[in-house]
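S.K.: With chain A's structure known, arrange chain B on it following the hints.
Which chain is which? The protein sequence lines are A and B, in order. The first sequence begins at 0 in numbering that gives the first Met the number 0 and counts up one residue at a time. The second sequence begins at 0 in numbering that gives the first Met the number 0 and counts up one residue at a time.
By construction, these hints were calculated from the structure, which means they are not laboratory data. Among these hints, one or two may not hold up.
If several chains are the same, the list does not tell them apart, and a pair holds so long as it fits within one copy or across any two.
Stated by the list, open to error - Keeping only pairs whose Cα atoms sit at most 20 angstroms apart, straight-line, the calculated EDC-like set for lysine to aspartate or glutamate is:
| hint | residue 1 | residue 2 |
| --- | --- | --- |
| 1 | K1 | E22 |
| 2 | K381 | E356 |
| 3 | K153 | E355 |
| 4 | K401 | E335 |
| 5 | K1 | E332 |
| 6 | K19 | D292 |
| 7 | K419 | D408 |
| 8 | K401 | D372 |
| 9 | K19 | D287 |
These figures come from a predicted structure and were not determined experimentally.
Protein chains: 2
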Amino acid sequence: MKSLKIAIAGLGTVGVGVIKILEEHSAMIAARTGRRIEIVAVSASNRSRDRGIDISGYDWADNVLDFAARDDVDMVIELIGGSDGVAKELAQQSLSNGKSFVTANKALIAHHGAELAQSAEDNNIAMRFEASVAGGIPIIKSIGEGLAANRLTKVYGILNGTTNYMLSQMEATGKDYGEILEETKLLGYLEADPSLDLDGIDAGHKLAILGSVAFGVKTDFDNVYMEGIRRIKLVDIEYARELGYRIKLLGISSLSDAGLEQRVHPCLVPKSAPIAIVDNGFNAVVVDGDYIDRTFYEGRGAGEGPTASAVVADIIDIARGRSGPAFFVPIGEMQEARPVSISDRNGPYYIRLHVEEQPGVIADITAALRDEDVSLHIMLQKGSEQDGTVYVIMVTHETHEKRVMNALDQIDSLSSVIDKPLAIRIENL
Amino acid sequence: MKSLKIAIAGLGTVGVGVIKILEEHSAMIAARTGRRIEIVAVSASNRSRDRGIDISGYDWADNVLDFAARDDVDMVIELIGGSDGVAKELAQQSLSNGKSFVTANKALIAHHGAELAQSAEDNNIAMRFEASVAGGIPIIKSIGEGLAANRLTKVYGILNGTTNYMLSQMEATGKDYGEILEETKLLGYLEADPSLDLDGIDAGHKLAILGSVAFGVKTDFDNVYMEGIRRIKLVDIEYARELGYRIKLLGISSLSDAGLEQRVHPCLVPKSAPIAIVDNGFNAVVVDGDYIDRTFYEGRGAGEGPTASAVVADIIDIARGRSGPAFFVPIGEMQEARPVSISDRNGPYYIRLHVEEQPGVIADITAALRDEDVSLHIMLQKGSEQDGTVYVIMVTHETHEKRVMNALDQIDSLSSVIDKPLAIRIENL
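Okay, chain A solo, but in the shape it has when bound:
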């Protein structure tokens, strides 16, 4: 039995999980692949940190780039992270030197996926990144292989477990954003750069990858519209519930004659939608296609086990001899899609205004909406807060994004309006 020799770059949570699986399930994996998976070397920024596992049996490299040059390495596993720097160099050098390449790095693939896939293709070597999106769900394989008979039209989902946890906790505990943010920090759930979670960037990376695999278009992260959850207040969650909705941070990508739409932002989704009950650290993805209609996938989004499971699934696939293009079509067949701007969105909106209670406020607000032709479906105002201010909640009929934003700019300039008005897009999925 010829072994497959791998080198692991990065020994954080995921790297440790990969080693655990490969050690614990070595016989099972050998039976499934017909090959023994052999870890020949590991590397990380800190050699001596206690990781709860013994790595003394593996060769240590101070410089991960050595992996790309070693003759005794068949495959490099990149678990370092970051869109550029050493992760990118390692990818490029590994592929150029004919090492197959597996990564969990969403930033790397979102930014440089097409370029790296080209290099893999040129060198006739496999590159895989199942773990980069929704670790617990084999969503990239499902889209690229399981649903390959379909022309896919839309893919969307809850792609960031941390913000989903925060929104779930706000609803469950009745605590406001700031308090839950502090708790989430203490739990260690936030990325080292919290903006990646809170501003929707992590979800944006994942969405760019999903859209690319689903539609056969080159990853275009620069044109992903991203808006995070920082402006969501408890009052929004409570009014949403009263209106029959829940608030979720969704990534939505669709390809139509108009072009490629890619957007990450909080949404009001109907309580009864399957995605509405996906809570806490879970991820979920919905894929629409012309023959399957709609399919739905849910699993844990992060953590040692699920992400490591996805990395090892890629290793197993390659050990089984599966090759083929990283994005499931040759780079030459991938389209460059025209981006659709968020300002072209049509749909209903939830609007939250925080105003001083004084005569004429509502008249001014509704005049601003009328001037932009935005018609209201629901308006709620339920008495004042202790400080004499009042929340005004509105739900519009289907309308054009630009009109809503223009109206909100006008409303924001009114002296009686306190906070910047907030619009949350309603997605009747």
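M.R.: Chain B alone, transformed into the frame defined by chain A:
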């Protein structure tokens, strides 16, 4: 570009769907596989039936077995159905003659999967059956490849769309079983032999396949416990709802030190469980593994589009050069698992009794339960029916299946008990 030449046996809904996809998406599929998929011949029991598509461009075979012998056929697609007879012969002959073999036939794989996989292995040829379970969900690929890093412990789900439709409709319309059965017949949703749906046999076939793929054990359909939905009354659905549950026909398979458990029967599942809100023609599968924890998949269970999509996904996989064992491990590595009997189940039970309202009835019933050590958690009795009879609904604490069934036998022999008592297993998933 070398074409892949296929022959399609069976031109019912699924066969027609396969032709539609291959015709409509031929360019897309060629881009994805690097090969043109060419339909060289078709066959069905009736040549002239109007199928809504033109099949005059394809060679017609009066005898499907000819496909296995033709030099110009690389792959045979079997969409005839039935566990034996011509479907099995076609499978055997195709594999022996080195044709790759794709089927949607759950009965064939549930009964003869291991034998056919052995033949595929002996002839070094691919056999695939993604469409045999939950067409709209790529569940076999997800389990066998996407989750291959895990030791899987349990797989369960809603595997039969027709009975799920019937249960959903009973709840939605407040009509009783008999009326919904008639409506379902008129809609053409039932198999030609309705027992396959109503008695859980179709779900049993699918469960045997899922368990085999998930646990690497040989399909053992003979040891699947099957109980259908014929005894479910509207009153059960209503009481279940009141108790915080919904009734679903589940297939449940698990592998433990005790052996392989495989059972299909109606269950009370908590309203809040993801599987509880899967309605009408949808299927859903939950897979538990040691590193992924829990993953959930939902999609359309049947119909032209989803099932044909799964068949074509298999064709694409093989066209891409993917081979490997049909059950994802070589037959020699597959275990023969000791079956666990349904009578070894432990858990809570919902019990529905229909009795004449007379003194001493409840005393006799509770005495029978006491004699078997079955303790009650809840008991509901809400006034009499118009005919003076009364429903008594009980929920037990966790107990042993044998004890419940013994107690119900005793209760059944009481003169005041009208219908045969019904127990529905409660699964707190």
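S.K.: Compare the structure with each hint and give your call.
M.R.: Comparing the hints with the structure gives:
no. : hint        : result
1   : K1 x E22    : within (17 angstroms within a copy, 42 angstroms between copies)
2   : K381 x E356 : within (12 angstroms within a copy, 52 angstroms between copies)
3   : K153 x E355 : neither (42 angstroms within a copy, 57 angstroms between copies)
4   : K401 x E335 : neither (26 angstroms within a copy, 64 angstroms between copies)
5   : K1 x E332   : between (34 angstroms within a copy, 18 angstroms between copies)
6   : K19 x D292  : between (38 angstroms within a copy, 15 angstroms between copies)
7   : K419 x D408 : within (9 angstroms within a copy, 69 angstroms between copies)
8   : K401 x D372 : within (11 angstroms within a copy, 69 angstroms between copies)
9   : K19 x D287  : between (36 angstroms within a copy, 18 angstroms between copies)
Checked against the numbered hints above, the structure breaks hints 3, 4 and satisfies the rest.
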